[in-house]
Amino acid sequence: MQPLRRGLLAGILASLVLAMFDFVTVGAPGNGLPAALHWFGIALADPTLSRWVGFFLLIVLGGVFGLIFGALQRDKLITAGHALLTGLALGVLWWLIFELVLTNIMNHASSPFSLSFGRFLSSFPLDVLFGVLLGAIYVQLQGRQAAEAS
Amino acid sequence: MSISSSARKTKQVGTTAAGERTAAAPITLSERSSNGLALLRILVGYLWFQQLFWKLPPTFAGLYGYVVRESQHAIIPGYGTLLQHTFLAGCPSLSTPTDCTAFVPLAACVWTAELVVTISLLFGLFTRFGAILATILALQLYIGLAYSPGEWIWTYGMLVLLALFLVAVPAGRRLGVDYWLAPRLQSAAQRHRWARIASWFV
Chain A
0 MQPLRRGLLA GILASLVLAM FDFVTVGAPG NGLPAALHWF GIALADPTLS RWVGFFLLIV
60 LGGVFGLIFG ALQRDKLITA GHALLTGLAL GVLWWLIFEL VLTNIMNHAS SPFSLSFGRF
120 LSSFPLDVLF GVLLGAIYVQ LQGRQAAEAS
Chain B
0 MSISSSARKT KQVGTTAAGE RTAAAPITLS ERSSNGLALL RILVGYLWFQ QLFWKLPPTF
60 AGLYGYVVRE SQHAIIPGYG TLLQHTFLAG CPSLSTPTDC TAFVPLAACV WTAELVVTIS
120 LLFGLFTRFG AILATILALQ LYIGLAYSPG EWIWTYGMLV LLALFLVAVP AGRRLGVDYW
180 LAPRLQSAAQ RHRWARIASW FV
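As you go down the protein sequences, you meet chains A and B in turn.
Going by numbering that gives the first Met the number 0, 85 is the number at position 86 of the first sequence; the sequence numbering is gapless.
Going by numbering that gives the first Met the number 0, 50 is the number at position 51 of the second sequence; the sequence numbering is gapless.
No lab work stands behind these hints: they were computed from the structure.
We treat Cβ as the ideally placed atom computed from N, Cα and C, and that holds for glycine.
Some clues are possibly wrong.
What the hints assert, rightly or not - Some but not every residue of chain A turned toward chain B, in silico, with C-beta under 10 angstroms:
1) V16
2) M19
3) V25
4) P28
5) K75
6) T85
7) F116
8) P124
9) L125
10) L128
11) A135
12) V138
As the list claims (entries may be wrong) - What follows is a list of derived Cβ distance ranges for each label pair:
13) B:R183 x A:R4: 23 to 31 angstroms
14) A:S115 x B:R192: 19 to 27 angstroms
15) B:A194 x A:L48: 51 to 59 angstroms
16) B:L93 x A:F116: 44 to 52 angstroms
17) A:F55 x B:R183: 55 to 63 angstroms
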């Protein structure tokens, strides 16, 4: 159970960092948050509500990816290298699912894998960062809990 | 996390009675402070990340106006002339980089350097190297643009200070790849010169 709880917390915290970026964005704060709704074809008329729901959906998705991360560890203590690599892989998976395939499907693009350089550059590093943060936070939580237990 | 971190390990402080009286207490950062620093590093990385998009390759057009302004308002004598006779040589227009062949290699180098800073600071990968590069880029901006019309001099001054701060502290060792990299480089530094040099940058 511990790895799942750690993963959940790590996922939520990592997605909070992603959400935080949207408060230093061009235009109004939180402008990019409705993109999370767009991945699932949800459109809300009220822009403020749309930002808040997008924010919560992002946190929920972060939590889900954190749970997946925790489930992959199967009650084992993992090394920092293993955590960072697993996180990196989950970050790439996040990018593939949400930023590439779902965005293309919702935008009725010619292919689910069509991609421009600008769109790649604006999404890939941040999604990989989510994964790296997920792994780094997880391994730090694991270290703290091990220290408390001993 | 101790704030001292390079492989050429710190000198022992206060080993004699006289030394104990005069030596400052060593500074140790708590986990919470270290994570706070890491968050600051990530945000500074995001700052550089956002700046990649208004000067995208292959034309780097957004950068051109700033280089022209640097050539007109640089605070170091001769800097503007140097720009005008190298990277802006033969440029027919002050507003667009069309037919301005020497500008593209400069712009490509600037953009690549900013991408390296972004990756380094966002991911905490050789963070001090990224911070040193960010300091150089920010200093260059300060020299060229701080005193140009419409600019607040502290914009670039603060950019320099932020980057310098990240050179001073090992901010990549929490929430970053340096967390994994630093102990490995430090143990390898005893045997390999390259590892000793690389460990200065984490």
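Okay, the hints, checked on the actual structure:
1. V16: 7 angstroms, holds
2. M19: This hint holds: A:M19 lies near chain B, its Cβ roughly 8 angstroms from the closest one there, short of 10 angstroms.
3. V25: 8 angstroms, holds
4. P28: 14 angstroms, violated
5. K75: 17 angstroms, violated
6. T85: Interface hint status for A:T85: violated (12 angstroms vs cutoff 10 angstroms).
7. F116: Since chain B brings a Cβ to about 8 angstroms from A:F116, closer than 10 angstroms, the hint holds.
8. P124: Because about 6 angstroms separates A:P124 from the closest Cβ in chain B, which is inside the 10 angstroms limit, the hint holds.
9. L125: It holds, given that the least Cβ distance between A:L125 and chain B is near 8 angstroms, below 10 angstroms.
10. L128: Holds: closest Cβ of chain B sits about 5 angstroms from A:L128, inside 10 angstroms.
11. A135: Where the cut-off is 10 angstroms and the nearest Cβ of chain B is about 5 angstroms from A:A135, the hint holds.
12. V138: 8 angstroms, holds
13. B:R183 x A:R4: 23 to 31 angstroms: 29 angstroms, holds
14. A:S115 x B:R192: 19 to 27 angstroms: 43 angstroms, violated
15. B:A194 x A:L48: 51 to 59 angstroms: Roughly 53 angstroms apart at Cβ, these two residues keep to the hinted range, so it holds.
16. B:L93 x A:F116: 44 to 52 angstroms: 28 angstroms, violated
17. A:F55 x B:R183: 55 to 63 angstroms: 39 angstroms, violated
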